[in-house]
Amino acid sequence: MISQVFILTTSGDHLIYKDCILVTTILHKGMHFVHVKQGGLYWAASTKSNPSPFTVIEFLNRLAALTKDYCGSLSEKSVRMNFALIYELLDEMVDYGYIQTTSTDMLKNFIQTETMSSKPFSLFELGNVGLFGAETQQSKVAPSAATSRPLMFTRGDQGGNEIFVDVIERLSVIIGSNGVVMKADIEGEIRVKCYLPGCSEMRIGLNEELSIGKSQLRGYGMAVRMDECSFHQAVKLDEFDAYRILKICPSQGEQTVMQYQLCDDLPCAPPFRLFPTVERDIGNRYEVEEMVTYSNYCHFCVALNVSVTLPIPKGSVSLSQELSSPDQSAELQSKNKALQWDIPRFPGGAQLSALFKLEVPGLSSASLQEVGPVSLCFELPKHTCTGLQVRFLRLTPTQPGSSQRWVRYVTHSDSYTIRI
Amino acid sequence: MPYFGSEETVKELKRALSNPNIQSDRLRYRNYIFRVIRSMTQGLDVSALFMEMVKASATVDIVQKKLVYLYMCTYASLKPDLVLLAINTLRKDCADPNPMVRGLALRNMCNLRMPGITEYIQQPIMTGLRDKAPYVRRVAVLGCAKMQRLQTLTEIDATIVNELYGMLRDPDPVVMVNCLRALEEILQAEGGVVINKPIAHHLLNRLKDLDSWAQSEVLTFLLRYRPRSEDELFDILSLLDGFLQSGHTPVLAATLRLFLQLAAEHPAVQVDALVRARGPLLNACGAQSRELRFAGLCHVQKILKSQPGQYGAHYKRFFCSYSEPSYIKFRKIEILVELVNDENVGLVLEELRGYCTDVSLELAQAAIAAIGRIGRMYSEKCLDILTGLLGLKQEHITSAVVQTFRDLTWHCPQSTVLVCRAVEGCEETIQDAEGKQALLWLLGVHGGKINSAPYVLEGYINGLKSEMSSAVKVELLTAAVQLFLVRPAEMQDMLGRLLQYCIEEESDMCVRDRAILSYRLLQCGVAETRRVIQGPESDPSMGVIIGRPEEPVSNWVSTFNTLTPLCGRVTSPEPTTSGCTNHTTQNVVADPLAGTSEETEVYTPEDKQGVIGMSLGPTLLHEDFERLWLELKLSLRENLGFPGPRSSPETLQAALQLVKMQTLAFSRADTLPWKAYIYTHCSGTLVLAELLQPTAEPESDGMVLSIKQKPEDRQVLQEFVAVLKTVLQTLIKGTS
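Taken in order, these protein sequences are the chains called A and B.
Under this note's numbering, the first sequence is numbered contiguously, ending at residue 420.
Under this note's numbering, the second sequence is numbered contiguously, ending at residue 1736.
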């Protein structure tokens, strides 16, 4: 049972404070505070009983997700502007500390306050380019800012006919110093963001040759495999076993329809390879590192915001670099004893190399042990490592007018480590 | 934040809200109410506007109504007389044709905090319970609980309780769950809502209609129910089976706890449930939400206490990711230590080795300590890594490694030789007090095996004036006296200087007293000093090598899926890094054997589970074993007729521990002749045994078993030999 719900800024200011069970003063003793951090804000709940931590954490995450659905984006500003809306949400979600409902379908009947946007909706809103990057705005690709827009429930005026299906995979990979893939886990999900006001049923067709579980026969090697998968409560699976079709009546807002995992057995080569050479220069002052990276995905994909971080010996003083193109950059972060190499665009099937020369006074052969492991951060749109694809997306009844259906794929690096 | 000038703000808002021009303009009026609520959230006292806000509540605009109600609930306790003005509007709203308005009014009316409100809300609540809209019924049911809380002293209203029990059959799932919640609150003094058989089965059947929040809550209520028969129990378990695979973590955790608690009498069912829930729990440990990850990890840690083998194959899931916050990384390191086994130890150590050079000092030190703890089982591999780390010559790493070394020699005496070789030359790199203490402890206890020990101590004694930490000084005193007993010629002069300085110039009383104590002790003569100062060099029980015994599930299941597992200490739970002087003092026992003969009958309950009543305790020190071995006559010598097992000595030790035989010492796996010394307490006698493998050819004579016993008991002896043979033969089968 939750006693209070707060939304706080990082500096501790209250943005939202709701007292659920009639306690005016905060009792610190015997009280538990559970918080999650999302969108640069703390979402906190206090409780006097000893509830399930999973429930409280998931509730706060859900609150943040709903706030994002209703306000468009999560930031101090959007929460400040829409505080009345959030109070209204909380009022319906929690009564007397008990969770009543968090489903968008139920809530939309009760939420009356209109969303306040900081400015009229614009495709090129810079603050929102994060996820998919402005680069992908080609003719057939959904604009990146399209989903950071509040749901407009009552009015169907402004492009309210869209549905987005995102296949998102998070990759955690460890590649050993000999180039052998030591660990490769994929956590994937299919996320639907729906703006359609009335949609009775949607059918999502996945690859027909999809096999689940380690034991199943693999066919001719082209099959898409996953170890485990789980579905949203509302998904109907009667056609899943035979045709790999998911049926769902999407409610407005964002929801995760399916989650899946694949462990230790990548169907394709890992997207990046790195071949570093580390040498000690004469005079015990310099260390030379050469890094060559290859990308292993198809040519029409471009990885964005790739950043390579390499831990370096303590006491490194300066860095000189030779990079293969001018848009790349590299810097020495002495505080983190690391070297960061940023590559804004990394096309598929390419090879990039860089040469770094570090000045380290009193360099010993032992300090070379401090170099590595390299970690990579990237996002790779239009690519899934499992090969999962959405074959088709059908809405019934067929929407009058122009309903727009978007399918997007993206692979993120959760943790991508290459040992030296 | 407008902490300053708040009075002006309130005045301005008051003026605006009572301005008829603004009141007639809906949007402007609402905007001012917005401003009031915003100020309220920011912590400004706007209670002075209560009158104006009450007026604003009489409106058809639902948004404005909601805001005003929010305001009223916050300040009602400050302005009880003015609240009465609003009651009328609220009661009128409770009869509104729109169910949303009815529910809203009823909910907020119950939230008003003021004395005497009950007489106004009782009637609307009772009407609300019979409302045809489920939304209003939900509010009314919780309203009953709120009303009970407002009038704490009065009797529980039996009609309401009966009404609520009846409404558990309400078609709306949320109404049903709210009834449970309300009853729980109202009947708190009587132990909460009663879950009898019909209610339990009703709840179980409705489980599928509920949303996931309600599911996990109902599952928690069901913990209270005890099935009458085995059949009923298994019916319930099979009904719940699907929820063990739920993708929604709260439901999964609640189901797992219910399973474990219901099946308390059936350990096999518990194990099966834990296996089935493993996949979803691992997913929670890799969830996108960091906080969920943390909660998942904490619960996995609990499960590992009972089922350490279950997650061994999934060790890679617990490798730290580059971007994770440190509280997650610490938990993951702890888990990695716990799930190490013969197959994964190499890769786990390699991963941990990577963390040792991390930029975060705490993480690096935690990783080094973790390697040390793994070293108690796999000492050679870990010693290689730790010795390699010393080559980096970094202060914090060297300090952590030396502290780990100290604990390692204590728990795992066979590592002493390598440690003594490795610590030479470390003293220059160590700067912090903890590291120095650990190094000094090693020099004192194992100084005989470290060539440079006196010179290192001399360095410390010469630099005594600049030493800040008194703990280091105390440790230095102990080490110097201990080393003096072993290498008197080199130590005499500097010990004298050290004692003189500490007694005459030291200002810290603790250090001074310790110096005086040492001085007086030395005055009693060397033999006496040796008797007092020199204790055992390693942990006499050596039980840690085997790892902790598996805890029964019932030890932690009552806190599973609560906040308790999350509140534990994040740092390493091993207390060994502190107060190393304890090691030397706590074991100064005059005659430990005096205890062994008397206490043999005093078994702890868990010891009784051993075969033919063998037990591990009380522990026997090395020297006592040696003395007894020389004293006693040989009771039995037998050629076992088969060679020694090829498995590692650690495996042998673990296997013997299972049948309650303690291995005191053994030679390394590849040496010949190979020997092992074993003892056990059994039906009042102490059995000592030696296993000897004289030659390399496995086809030859086989192992020779010699047994000595005190006091003699033939029957026990035969049983002991039988058990030992079975263990050895099983091991041979397992490895060939």
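Simulated from the structure, these hints should not be mistaken for laboratory data.
Ideal Cβ positions, reconstructed from N, Cα and C, are used throughout, including at glycine.
Don't take each hint at face value.
Simulated restraints on C-beta separations [unchecked claim]:
#  : chain 1 : residue 1 : chain 2 : residue 2 : range
1  : A       : D13       : B       : V1194     : 40 to 48 Å
2  : B       : E1626     : A       : R280      : 18 to 26 Å
3  : B       : Q1188     : A       : K236      : 35 to 43 Å
4  : A       : E290      : B       : Q1310     : 38 to 46 Å
5  : A       : E359      : B       : C1510     : 55 to 63 Å
6  : A       : S365      : B       : P1552     : 46 to 54 Å
7  : A       : G176      : B       : L1521     : 26 to 34 Å
8  : B       : C1510     : A       : R280      : 29 to 37 Å
9  : A       : S365      : B       : R1520     : 27 to 35 Å
10 : A       : S49       : B       : I1087     : 27 to 35 Å
11 : B       : E1424     : A       : D13       : 35 to 43 Å
12 : A       : K357      : B       : E1504     : 25 to 33 Å
13 : B       : L1517     : A       : D13       : 39 to 47 Å
Far from chain A by the CB rule (all over 10 Å, computed), these chain B residues [to be verified]:
#  : residue
14 : S1006
15 : R1206
16 : V1271
17 : E1291
18 : C1298
19 : L1304
20 : K1381
21 : I1461
22 : S1507
23 : L1632
24 : M1703
Next item on the list: With respect to the beta-carbon atoms only, verify the hint that B/C1510 and A/R280 lie 29 to 37 Å apart.
Entry: Once the Cβ atoms are compared, 48 Å apart, the range 29 to 37 Å for A/R280 and B/C1510 is violated.
* Check the non-interface label on B/S1507: least C-beta distance to chain A beyond 10 Å or not. => holds, 36 Å
- Message: Quick check on a hinted range of 25 to 33 Å for A/K357 and B/E1504, using CB atoms only.
- Response: violated, 57 Å
| task | Can you let me know if the beta-carbon spacing of B/L1517 and A/D13 is within 39 to 47 Å? | result | Given about 57 Å between the Cβ atoms, the range is violated.
message = Given a hint of 18 to 26 Å, does the C-beta separation of B/E1626 and A/R280 actually sit inside it?
response = At 52 Å between Cβs, range violated.
Discussion item. According to the definition I'm using, a residue is off the interface if its beta carbon is farther than 10 Å from all beta carbons of the partner; does B/K1381 meet that for chain A?
Written reply: Non-interface label stands for B/K1381: nearest chain A Cβ at 17 Å, farther than 10 Å.
**Prompt:** Checking the smallest CB distance to chain A, is B/E1291 really beyond 10 Å?
**Reply:** violated, 4 Å
- Item | Hint check for B/Q1310 and A/E290 - Cβ pair distance inside 38 to 46 Å | With a Cβ separation near 44 Å, A/E290 and B/Q1310 satisfy 38 to 46 Å, so the hint holds.
- Taking the beta carbons of A/D13 and B/V1194, is their distance inside 40 to 48 Å? With Cβ atoms ~45 Å apart, the hint holds.
Holds or violated: 55 to 63 Å for the Cβ distance of A/E359 and B/C1510? About 47 Å separates the Cβ atoms of A/E359 and B/C1510, which means 55 to 63 Å is violated.
B/L1632: least C-beta distance to chain A exceeds 10 Å?
The claim holds: B/L1632 sits with its nearest Cβ about 53 Å from chain A, beyond 10 Å.
Check your understanding: Hey, does B/C1298 actually stay past 10 Å from chain A on C-beta?
Key -> violated, 8 Å
When the structure is compared with the earlier hints, violations turn up for hints 2, 5, 7, 8, 9, 11, 12, 13, 17, 18 and for no others.
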